[in-house]
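Student: Residue-level listing of the chains:
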Amino acid sequence: AQSVTQPDIHITVSEGASLELRCNYSYGATPYLFWYVQSPGQGLQLLLKYFSGDTLVQGIKGFEAEFKRSQSSFNLRKPSVHWSDAAEYFCAVVFTGGGNKLTFGTGTQLKVEL
Amino acid sequence: GAGVSQSPRYKVAKRGQDVALRCDPISGHVSLFWYQQALGQGPEFLTYFQNEAQLDKSGLPSDRFFAERPEGSVSTLKIQRTQQEDSAVYLCASTYERHPNTEAFFGQGTRLTVV
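Protein sequence lines correspond, in order, to chains A and B.
When the letters of the first sequence are read in order and numbered with this note's numbering, they come out as residues 9 to 122.
When the letters of the second sequence are read in order and numbered with this note's numbering, they come out as residues 23 to 137.
It should be emphasised that the hints constitute simulated quantities derived from the structure, not laboratory data.
Note that the structure is predicted; figures quoted are calculated from it, not measured.
One thing to keep in mind: the hints can contain errors.
[Unchecked claim] Listed next, with one range per pair, are the computed distances between beta-carbon atoms:
1) A:G61 x B:G25: 25 to 33 Å
2) B:E119 x A:I68: 15 to 23 Å
3) B:T135 x A:K119: 47 to 55 Å
4) A:Q117 x B:Q106: 19 to 27 Å
5) A:Q66 x B:R37: 31 to 39 Å
6) A:S22 x B:Q105: 26 to 34 Å
7) B:E74 x A:S22: 46 to 54 Å
8) B:R31 x A:A25: 43 to 51 Å
9) A:G49 x B:K36: 40 to 48 Å
10) B:R120 x A:T114: 38 to 46 Å
11) B:H121 x A:I19: 40 to 48 Å
12) B:S29 x A:E28: 16 to 24 Å
[As the list claims (entries may be wrong)] If you want a taste of the chain A side facing chain B, the calculated C-beta under 10 Å gives, among others:
13) L64
14) Q66
15) F71
Every residue gets a Cβ at the ideal spot worked out from N, C-alpha and C, and that includes glycine.
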């Protein structure tokens, strides 16, 4: 079955530390991959996306993600976290042939300690 | 407007009551999606429109849920005879193009509480 997994429900990092949020998907082909961020009371905002080409993609707010086909992963990274990055992060996938709907992971809640 | 607008932002309904949730997408956006986000979960797909055509309603949990987009712009999600399990945030998203890699712009959602 097609699915998206975010293994970490909560992550706490210190401000200035590096960050990596994990995302794995289950699918026989390469889907379209996205990372969204949701702050309290705000709508989901796209951080970055991948569908082909260079497997390291850059996004907004200093985030990047790397697609690894062999691991069916699309992990989100940031070299130095800021307190304003505290939010919930969702990995999402569009499975080809399944229409244009996004399938979301369960999310990772990021807490930043000052 | 500049973004996707949803109304109301909050709705409290008594069990058994009908509710209607409105989504005003970004002007010119062809595709419109509804998602349901339960507490502590990721959004789950409900239904998808391309212009006025509802192309996918596979995510609607029951026949109490109905969505429409009659003129290809504003959409309404209607829930009849609400149940407690319908309590969730309902998110609307729109995209400019039909291609699946197109960025989806989300509204702030309507938080529905059924009491």
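Student: Against each hint, give a clear statement of whether it holds in the structure.
Tutor: Hints and how they fare:
A beta carbon spacing of about 29 Å between G61 of chain A and G25 of chain B agrees with the range 25 to 33 Å that was offered as a hint. Between E119 of chain B and I68 of chain A the beta carbons are some 20 Å apart, a value that agrees with the proposed interval 15 to 23 Å. For the pair T135 of chain B and K119 of chain A, the supplied restraint of 47 to 55 Å is violated, since their beta-carbon distance comes to about 26 Å. Between Q117 of chain A and Q106 of chain B the beta carbon distance is about 25 Å. The supplied range of 19 to 27 Å therefore holds.
Take Q66 of chain A and R37 of chain B: their Cβ atoms lie about 48 Å apart, and the range 31 to 39 Å is violated. Checked against the hint of 26 to 34 Å, the pair S22 of chain A and Q105 of chain B fails, with Cβ atoms roughly 43 Å apart. Look at E74 of chain B against S22 of chain A: about 51 Å separates their beta carbons, and that is inside 46 to 54 Å. For the hinted restraint 43 to 51 Å between R31 of chain B and A25 of chain A, the CB-CB distance of approximately 35 Å leaves it violated.
Checked against the hint of 40 to 48 Å, the C-beta distance between G49 of chain A and K36 of chain B comes to roughly 25 Å, which is inconsistent with it. For R120 of chain B and T114 of chain A, the hinted distance range of 38 to 46 Å is not satisfied, since their beta carbons lie about 28 Å from each other. Judged by the Cβ atoms, the range 40 to 48 Å given for H121 of chain B and I19 of chain A is violated: they are separated by roughly 32 Å. The supplied range of 16 to 24 Å is broken by S29 of chain B and E28 of chain A, whose beta-carbon atoms lie about 38 Å from each other.
With a least beta-carbon distance of about 17 Å to chain B, the hint placing L64 of chain A at the interface is violated under the 10 Å criterion. Contact between Q66 of chain A and chain B, as hinted, is not supported at the beta carbon level, the nearest pair being about 15 Å apart and thus beyond 10 Å. Hint status for F71 of chain A: violated, given a least beta-carbon distance of 15 Å to chain B, over 10 Å.
Violated hints, in rising order: 3, 5, 6, 8, 9, 10, 11, 12, 13, 14 and 15; the structure is consistent with all others.
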